[in-house]
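**Student:** Chain by chain, the residues run as shown.
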Amino acid sequence: DQQVKQNSPSLSVQEGRISILNCDYTNSMFDYFLWYKKYPAEGPTFLISISSIKDKNEDGRFTVFLNKSAKHLSLHIVPSQPGDSAVYFCAASGGRTDSWGKLQFGAGTQVVVTP
Amino acid sequence: EAGVVQSPRYKIIEKKQPVAFWCNPISGHNTLYWYRQNLGQGPELLIRYENEEAVDDSQLPKDRFSAERLKGVDSTLKIQPAELGDSAVYLCASSRDSYNEQFFGPGTRLTVL
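Chains A and R supply the protein sequences, listed in that same order. Mind the numbering: the first sequence is residues 13 to 127 in the working numbering, read in order. Mind the numbering: the second sequence is residues 385 to 497 in the working numbering, read in order.
Hints in this document: simulated from the structure, not taken from any laboratory. Do not take every clue at face value.
To be verified - Derived DEER-like restraints, expressed as beta-carbon distance ranges:
| hint | chain 1 | residue 1 | chain 2 | residue 2 | range |
| --- | --- | --- | --- | --- | --- |
| 1 | R | 457 | A | 58 | 19 to 29 Å |
| 2 | R | 425 | A | 93 | 23 to 33 Å |
| 3 | A | 63 | R | 400 | 42 to 52 Å |
| 4 | R | 493 | A | 90 | 25 to 35 Å |
| 5 | A | 65 | R | 497 | 43 to 53 Å |
| 6 | R | 465 | A | 65 | 43 to 53 Å |
| 7 | A | 29 | R | 401 | 45 to 55 Å |
| 8 | A | 27 | R | 400 | 47 to 57 Å |
| 9 | R | 450 | A | 24 | 37 to 47 Å |
| 10 | R | 465 | A | 88 | 44 to 54 Å |
| 11 | A | 54 | R | 458 | 13 to 23 Å |
| 12 | R | 484 | A | 88 | 18 to 28 Å |
Stated by the list, open to error - Calculated pairs, DSS-like style, for lysine-lysine (alpha carbon to alpha carbon, straight line, at most 27 Å):
| hint | chain 1 | residue 1 | chain 2 | residue 2 |
| --- | --- | --- | --- | --- |
| 13 | R | 462 | A | 114 |
| 14 | A | 83 | A | 68 |
| 15 | A | 68 | A | 17 |
| 16 | R | 400 | R | 462 |
| 17 | A | 114 | R | 455 |
| 18 | A | 17 | A | 114 |
| 19 | R | 446 | A | 114 |
| 20 | R | 446 | R | 400 |
| 21 | A | 83 | A | 114 |
Built from N, CA and C at the ideal position, the CB exists for glycine as well.
When you get a sec, could you build the whole thing from the sequences and use the hints?
**Tutor:** Put into structure tokens, the structure is as follows:
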């Protein structure tokens, strides 16, 4: 049962433009959401997170938006750079004390930033 | 600060053979995780340790998979016997505790022939 879904397996964007990655979830008990970035032959690295008490969190070129009523979050990268080419995973956790640390990941979106 | 170390990086074995993966977490991190990532999918948690205790192993196929974290530091994950469907990347991650950011190692890519 896939509780976190990334419906776009790939995204191509021009350098300097905005990249928008989307993620949907089904478990209304999730209350903490994260984005991870993964380069080939490396493990995922943490990018940015947001808790359910917020609807927006910014960190430099990266902004995550959360729409709890729609069970949807998105990651905006502005401006996109060639080094942003990677696979991006959306993840979620929470709801029960014993669920903390149990991240549910989406399938990932491959981002390619072209010159 | 050194990151999470995993070995081997790659392993090719024949089905029915045993295999083991090793993980050394970041120093001071009490929580350790093993994930499996199949091709085209996100990581899936297999087991989570708080120090030496396995606090969540609900996703670990216990008929063939086992794990241990002796002394609450290094951990090993074992598969015996391996099946074709076990081909995947096995990721280890650690965090200060369950409420903090998880840091991932580079993973071990297992191919079962």
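**Student:** Are the hints correct? Go through all of them and say.
**Tutor:** Going down the list of hints, with the structure as the test:
Remark: the range hint 19 to 29 Å for residue 457/R to residue 58/A is upheld by a beta-carbon distance near 22 Å. Restraint check, residue 425/R to residue 93/A: a C-beta distance of roughly 27 Å satisfies the suggested window 23 to 33 Å. A C-beta distance of roughly 46 Å is found between residue 63/A and residue 400/R, which places it inside the suggested range of 42 to 52 Å. Range check, residue 493/R to residue 90/A: about 34 Å between beta-carbon atoms, so the 25 to 35 Å window is met.
Hint check: residue 65/A to residue 497/R, Cβ distance near 49 Å, so the stated range 43 to 53 Å holds. The given range of 43 to 53 Å is respected by residue 465/R and residue 65/A, whose C-beta atoms sit roughly 47 Å from each other. Separated by about 49 Å at the C-beta atoms, residue 29/A and residue 401/R satisfy the suggested range of 45 to 55 Å. The hinted range of 47 to 57 Å is satisfied by residue 27/A and residue 400/R, whose Cβ atoms lie roughly 49 Å apart.
Restraint check, residue 450/R to residue 24/A: a C-beta distance of roughly 43 Å satisfies the suggested window 37 to 47 Å. Between residue 465/R and residue 88/A the beta carbon distance is about 47 Å. The supplied range of 44 to 54 Å therefore holds. Range check, residue 54/A to residue 458/R: about 21 Å between beta-carbon atoms, so the 13 to 23 Å window is met. One distance hint, 18 to 28 Å for the beta-carbon pair residue 484/R and residue 88/A, holds here, with the actual separation near 25 Å.
The hinted pair formed by residue 462/R and residue 114/A meets the criterion: a straight-line CA distance of about 21 Å does not exceed 27 Å. A distance of roughly 14 Å separates the Cα atoms of residue 83/A and residue 68/A; the hinted pair therefore holds under the 27 Å criterion. Of the pairs offered as hints, the one joining residue 68/A and residue 17/A holds, with about 20 Å between alpha carbons and a cut-off of 27 Å not exceeded. Between residue 400/R and residue 462/R the CA atoms are separated by roughly 13 Å; this keeps the pair inside 27 Å, and the hint holds.
The hinted pair formed by residue 114/A and residue 455/R meets the criterion: a straight-line CA distance of about 22 Å does not exceed 27 Å. Restraint check for residue 17/A and residue 114/A: the C-alpha separation of about 16 Å stays at or below 27 Å, so the hint holds. Distance check on the hinted pair: residue 446/R and residue 114/A sit about 19 Å apart at the alpha-carbon level, within 27 Å; holds. Straight-line distance between C-alpha atoms of residue 446/R and residue 400/R comes to about 16 Å, which keeps the hinted pair within the 27 Å bound.
Taking the CA atoms of residue 83/A and residue 114/A, the gap is near 19 Å; set against the 27 Å cutoff, the hint holds.
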